[in-house]
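Asks: With chain A fixed as given, assemble chain B onto it according to the hints.
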Amino acid sequence: MPANARPLSPHLSIYRWQIQMVTSILHRATGIALAAGTILLVVALLALASGPQAYAQVAAFCGSWFGTLLLVGWTWSLAYHLLNGIRHLWQDLGYGYLPAQFVRNGWLVSIGSVLLAGLVWACVLAQRGGA
Amino acid sequence: MNGRLRTPLKNALGLGSARQGSHHFIVQRLTAAALVLLGLWFVWTVLKLLHLDYAGAHALVAQPCNAVLLLAFVVTAFWHAQLGLQVVIEDYVHTRGSQLVLQVAVKFLCFIGAAASVLAILKIALGR
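Line by line, the protein sequences are chains A and B. The number in the numbering used here is simply the position in the first sequence, starting from 1, with 587 added. The number in the numbering used here is simply the position in the second sequence, starting from 1, with 67 added.
Because the hints were derived from the structure by calculation, they are not lab data. Keep in mind that the hints are not guaranteed to be accurate.
Claimed, not checked - Calculated from the model, a selection of chain B residues having no Cβ within reach of chain A, i.e. all distances over 10 Å:
{"hint": "1", "residue": "Arg86"}
{"hint": "2", "residue": "Gly88"}
{"hint": "3", "residue": "His91"}
{"hint": "4", "residue": "Glu157"}
{"hint": "5", "residue": "Val168"}
{"hint": "6", "residue": "Val171"}
{"hint": "7", "residue": "Phe175"}
{"hint": "8", "residue": "Ser184"}
Claimed, not checked - Okay, the calculated bits of chain A under chain B, using three or more residues with CB under 8 Å as the criterion:
{"hint": "9", "segment": "620-631"}
{"hint": "10", "segment": "663-676"}
{"hint": "11", "segment": "700-711"}
Stated by the list, open to error - So, partial list: chain A residues that the calculated Cβ filter (under 10 Å) puts toward chain B:
{"hint": "12", "residue": "Arg615"}
{"hint": "13", "residue": "Ser637"}
{"hint": "14", "residue": "Pro639"}
{"hint": "15", "residue": "Tyr642"}
{"hint": "16", "residue": "Asp679"}
{"hint": "17", "residue": "Arg691"}
{"hint": "18", "residue": "Arg715"}
The structure presented is a predicted model; accordingly, all values stated were derived computationally and were not measured. No residue lacks a Cβ here, since even glycine has one placed at the ideal position from N, Cα and C.
The following block holds chain B by itself, in its conformation from the complex:
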């Protein structure tokens, strides 16, 4: 024993609390609160896009206010999705290898999705 008041099991497994749970919890709820507002705005905007042709849709998304809100929606949505999927994988995938692969894949895909969306919105907003 090392003299500290800890059970040997924790040291043996090396799987004690990572002390990051609170941050995950808070960010998940912050992004959720933001998505309540941004999600409603997004549905409203998509309904406006429906009866527009390509030029009209392009012009609507290119408006600075819409472009900024769409950027915020996309980034927040992928952030929130990553946090949620992380917990689902933690809860249901119990094989270490598959869990690691899935966790990394979800993070990579969410980042790529967010980056591609940001590029597309910037191109629409800044192009021409």
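If we strip away everything but chain A, and leave its shape as in the complex, we get:
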């Protein structure tokens, strides 16, 4: 129960889905996901500091199907949060607010994030194939 029951403005279920709200929701969602992902970063750094056995365990987890799934998710989250973050900085400078620009930039960021994450994993797979 909220401490003070105030009237609420119309919320998510009221609105038709559109790119403007999806890009905003995804920015927060990927931000939360990336914050959680820092746990793996800390664990990997501690393992690298403590020795080959610990590092091998982290490497094995990253190579497992579950680890790979998480890493693919975090790669896309980082790509999206990075590109949409640049878009937000651009908007903070006062650009890109006309509806047409807003929608176009939203699609650019969304498609760009998939391409960027795909590029990173293409590099991963190319290295794996080469090694």
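Replies: Using the frame of chain A, we list chain B on its own:
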């Protein structure tokens, strides 16, 4: 009334502007701008780490330039994460008790995460 031109509601609730919003806004964007560069460098470095064994990975992170950039990335990332999570909790958690617990927990965890990462990087860079 106390004679000042203020609504009694503000004094009653004690929830007026804390006058810290601008600083939060600016630091969030400063860390964001830094993370654009550091984030790209981080992904590039992780791709280099992939085909290295333990000794190679250790040596790469131990290089002074890489160690410094990694320190900067980790500290900035946790700082930015704390600022962002703070706003998410402010927006979506409306019960005072849970909000307080979550806000404090996020700050503690981000600090511990940053401290642990810094220790690990320093140990890698300075050890042996």
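Asks: Taking the hints in turn, state whether each one holds.
Replies: Verification of the hints:
The Cβ of arginine 86 (chain B) lies farther than 10 Å from every Cβ of chain A, with a closest approach of about 21 Å, so its non-interface assignment holds. Non-interface call for glycine 88 (chain B) relative to chain A: holds, since the shortest CB-CB distance, roughly 14 Å, exceeds 10 Å. Remark: the non-interface label on histidine 91 (chain B) is consistent with the geometry, its nearest Cβ contact in chain A lying 14 Å away (cut-off 10 Å). Listed as outside the interface, glutamate 157 (chain B) is consistent with that label: its C-beta sits roughly 12 Å from the nearest C-beta of chain A, beyond the 10 Å cut-off.
Its beta-carbon lying about 14 Å from the closest one in chain A, valine 168 (chain B) satisfies the requirement of being farther than 10 Å from that chain. Interface exclusion of valine 171 (chain B) from chain A stands, the closest Cβ pair being 16 Å apart, more than 10 Å. At roughly 14 Å from the closest C-beta of chain A, the C-beta of phenylalanine 175 (chain B) stays outside 10 Å, upholding its exclusion from the interface. Distance to chain A contradicts serine 184 (chain B) as a non-interface residue, since its nearest Cβ pair spans about 5 Å, not more than 10 Å.
Counting residues of the segment 620-631 of chain A whose beta carbon lies closer than 8 Å to any beta carbon of chain B gives 6, which reaches the threshold of three, so the coverage claim holds. Using a Cβ-Cβ cut-off of 8 Å, 6 residues of the segment 663-676 of chain A lie near chain B, which meets the minimum of three, so the contact claim holds. By the rule of at least three residues with a Cβ nearer than 8 Å to a Cβ of chain B, the coverage given for the segment 700-711 of chain A holds, with 3 such residues. Here the hint on arginine 615 (chain A) is kept, as its CB sits about 6 Å from the closest CB of chain B, short of 10 Å.
About 8 Å separates the beta-carbon of serine 637 (chain A) from the nearest beta-carbon of chain B, less than 10 Å, and the hint is met. For the restraint placing proline 639 (chain A) at the interface with chain B, the shortest Cβ-Cβ distance is roughly 4 Å, inside the 10 Å limit, so the hint holds. Residue-level restraint check for tyrosine 642 (chain A) holds (minimum Cβ-Cβ distance to chain B is 5 Å; threshold 10 Å). A cut of 10 Å between beta carbons decides the hint on aspartate 679 (chain A): the least distance to chain B is about 6 Å, and the hint holds.
For arginine 691 (chain A), the interface hint is violated, the least distance from its beta-carbon to any beta-carbon of chain B being 21 Å, above 10 Å. Annotation: arginine 715 (chain A) was flagged as interfacial toward chain B, and the flag holds, the nearest CB pair being 8 Å apart, inside 10 Å.
Violated hints, in rising order: 8 and 17; the structure is consistent with all others.
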